[in-house]
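**Student:** All chains, full assembly: derive it from the sequences and hints.
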Amino acid sequence: MDGASEASAEKSIPLLRSCERCRRRKQRCDGEQPVCSRCRSHQAECSYRQSGRFRKRFPRAASSSTGAEAADDNDERKAGSPAKRPRTGSDALTAATALSSLSAQAGRAEPAAPGSPHLPALSPCTASEASPNDAVLHTPRNAVAHVPGAKHAAGGDASLDAARAMDPVAVLRAYSLPDLAQGLPEHIVRQMWALVTSPAPGAQRARSGSLSPNMALLDPQNTAAGGWRRPADDAALAVLGGVAQRHALGAAPALLLRLLRAEHADSGLHAGVGAFWAALDAGLAADFDVLAHVAVAAASAAGDSASAERAAEVAAYEAARRTWERGHVAPSASAVCALLQLSEYGHRTGRAAVHWEFAHIAAATARQIVFRGHAYPWRAARITLASGKCDTEYDHVLRVFWAAWTHRLAAAQVLARRVAPDAGDMPELPAHDTCAFAARFPPAACCRRQDDAYARALALLALAAAPVHAALMDVREGHAPAAYFAAVHAWDAAERRWRRDAWPDAWDARLARVRQETTALAPEDAWLVRVALAHHAARLRVHATAIALLHGRPGAGPGAPMSRSILVAPHVHPDRRARLWGFQAAAYDPLADALLDHRARAESLDAVGELQALLEAVAQDADARLPLRLLGAWAVGHVLDLAMALHCGRVARRDADTQADAVRRLAVLARMLLQLRRWTAALYVFTSVVKAFVEPGHTVDLAHVHPALLPPPPGPAAAGEAPWPVNHVLTLMMRQMRMAPAEFCALTLPVVYAPC
1 MDGASEASAE
11 KSIPLLRSCE
21 RCRRRKQRCD
31 GEQPVCSRCR
41 SHQAECSYRQ
51 SGRFRKRFPR
61 AASSSTGAEA
71 ADDNDERKAG
81 SPAKRPRTGS
91 DALTAATALS
101 SLSAQAGRAE
111 PAAPGSPHLP
121 ALSPCTASEA
131 SPNDAVLHTP
141 RNAVAHVPGA
151 KHAAGGDASL
161 DAARAMDPVA
171 VLRAYSLPDL
181 AQGLPEHIVR
191 QMWALVTSPA
201 PGAQRARSGS
211 LSPNMALLDP
221 QNTAAGGWRR
231 PADDAALAVL
241 GGVAQRHALG
251 AAPALLLRLL
261 RAEHADSGLH
271 AGVGAFWAAL
281 DAGLAADFDV
291 LAHVAVAAAS
301 AAGDSASAER
311 AAEVAAYEAA
321 RRTWERGHVA
331 PSASAVCALL
341 QLSEYGHRTG
351 RAAVHWEFAH
361 IAAATARQIV
371 FRGHAYPWRA
381 ARITLASGKC
391 DTEYDHVLRV
401 FWAAWTHRLA
411 AAQVLARRVA
421 PDAGDMPELP
431 AHDTCAFAAR
441 FPPAACCRRQ
451 DDAYARALAL
461 LALAAAPVHA
471 ALMDVREGHA
481 PAAYFAAVHA
491 WDAAERRWRR
501 DAWPDAWDAR
511 LARVRQETTA
521 LAPEDAWLVR
531 VALAHHAARL
541 RVHATAIALL
551 HGRPGAGPGA
561 PMSRSILVAP
571 HVHPDRRARL
581 WGFQAAAYDP
591 LADALLDHRA
601 RAESLDAVGE
611 LQALLEAVAQ
621 DADARLPLRL
631 LGAWAVGHVL
641 DLAMALHCGR
651 VARRDADTQA
661 DAVRRLAVLA
671 RMLLQLRRWT
681 AALYVFTSVV
691 KAFVEPGHTV
701 DLAHVHPALL
711 PPPPGPAAAG
721 EAPWPVNHVL
731 TLMMRQMRMA
741 PAEFCALTLP
751 VVYAPC
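Numbering (full-length UniProt numbering), first residue to last: 1 to 756.
No wet-lab data here; the hints were simulated from the structure.
A hint or two may mislead.
Distance windows between CB atoms, simulated [stated by the list, open to error]: (1) 708 <-> 599: 21 to 31 Å; (2) 508 <-> 726: 35 to 45 Å; (3) 697 <-> 480: 28 to 38 Å; (4) 655 <-> 594: 14 to 24 Å.
The beta-carbon is built from N, C-alpha and C at its ideal position, and this holds for glycine as well.
**Tutor:** Printed below as a string of structure tokens:
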């Protein structure tokens, strides 16, 4: 090629309107993003960054990135596998409902600061520029790649210069982010970002291990087993070998067993996992169940397209789909669990259509279950008691049904947001609603209990709360809350009977002794603490829900659920509330509502005080007498969420002592919350508190605060300039938590920027 032709080629390359792949096929490139959908669906390298359209749409990115940098970025992206996280059904539900997914490029974002992989520097592409169907049909694999605290697989640390070059406020505006991010003011976001990415002069750059000791909880090697008995290798290998041979998976049974054990290392709370391993141990696991679990496990470990895990994933998913479509699967609890696994497979691989399809099928199949000769009683969470023990078979079916019910709502929400991101009337499924809590912690899960007395107490407590739960289901389906308020009055009488019949007087003295001691808890003391926590948590849930319902619906649109917390439940005028809930004007009694609200607030405050005192006595620090994970991450997170919301309401009051006391209690609960394994849920609740008080007007008059309620002076480790004044609520909370401003902001920014 002569010099003229070379000069012509150099001039023509920036003016290309299509990438090389589309140009060879003489097709118009739909490259509305730096990687067009056709190249992304074929997992091919895209040259759209060199086109004139890209340079026109993203001049800053085009001028700052050369061709060599783009090639190095592609090589690094191809060489490094995405960060892996042990993800369970409960965590997937939380991620799907609490935080909406970002655009396709967010999954491939790089870390913005050295040692901080939870602060990705996002690409300049926007979700609004992609076509609606493109996000559903061509979302790339590994959309949930970056996890707070996970090691970056590529091994290299991004430079601080790249982090400073990105405008975080522009990213917030460009992406279709959840409400969690949109409530942060621009100047606060800039200051928080500067604190995390720019250490103080003379200070060492923060490494990933120094931001928070809770990052080690994400290491699979530090994760305990789920509580079920693992099958022997020979029994499991025999079943897996038969399934692999019948369905031509092309993978060794040892590989499948390794994938399953790695995937289920932290899945003890997921519905159906324990039953699956029990069936695998007995040699009774159905092919459909095995294929569904293998598909999800292989999808978590799959690397490039040529890996054995990737081949096993595709083969297992296709075989499971064929088995279902041929009608070889009968409605049962195990079949519903397998369908939920296939829905989870669609969520992990970024295919929202598959996520919704199998979630819908699982919910429909759960309604077809015939249990002991009668259709499943799905409305009321009834419990059958025999000889003082719970019916664990009924309990398992109950758990599976509510798991399918909540998973379907989550999938519908994700699909609707991807097709129409601006759908403002889409009801928001709470991150810790009562149905999801019942799905993970059923009312009668009494297997492996130490003593029948504790099992009986928990079962009777759940039996007393069952009418309230059934009334709440009716409210979520659009009925008026009058039945729920009546159930709350009935609950008060049932709770007093439970205290009389199921809680002996000797337990009060023993519980007081447990609070005062500092030694490790005996097994019977641990069960007593669990029963006490369940009792006060039930009180808090019942009355906190009543407070939220008394203040009207915050949602817009038919069937909008109630508020997740007390804090965000707005006050609605009685006339407007009467129209919303369908009350007749003559039947409305404001005095009855005021009495119920007064009693509910008193009961909620008393329950929160008992819960916090008990948690501080046994599970406040990392080396606690009773780690929170043993009590159940989902249940503890749900209780802490409600308790923190109630304290947030106390912070908003005018009394300085009340504000300072609420901030102190908030700080204690926040430190407990960050100890949980469900990192996504913990960061979501923590960031929601930060968002509630991020405005500069939320201050405390320290001159009128009792000295005992003032936070301790900041130590050397917590030195640094905070983005808020000294008397601001978040600054006081930061000092109570004994955190540096950079660490405090680093725990907030992951939820804002990281894809979920």
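**Student:** Taking the beta carbons of residue 655 and residue 594, is their distance inside 14 to 24 Å?
**Tutor:** The hint (14 to 24 Å, Cβ to Cβ) holds, given that residue 655 and residue 594 are roughly 21 Å apart.
**Student:** Determine whether the Cβ-Cβ distance between residue 697 and residue 480 falls within the hinted range of 28 to 38 Å.
**Tutor:** holds, 37 Å
**Student:** Per the hint of 35 to 45 Å, is the separation of the Cβ atoms of residue 508 and residue 726 within bounds?
**Tutor:** holds, 43 Å
**Student:** With 21 to 31 Å as the target window, see if residue 708 and residue 599 comply at their CB atoms.
**Tutor:** holds, 30 Å
Checked against the numbered hints above, the structure breaks none of them.
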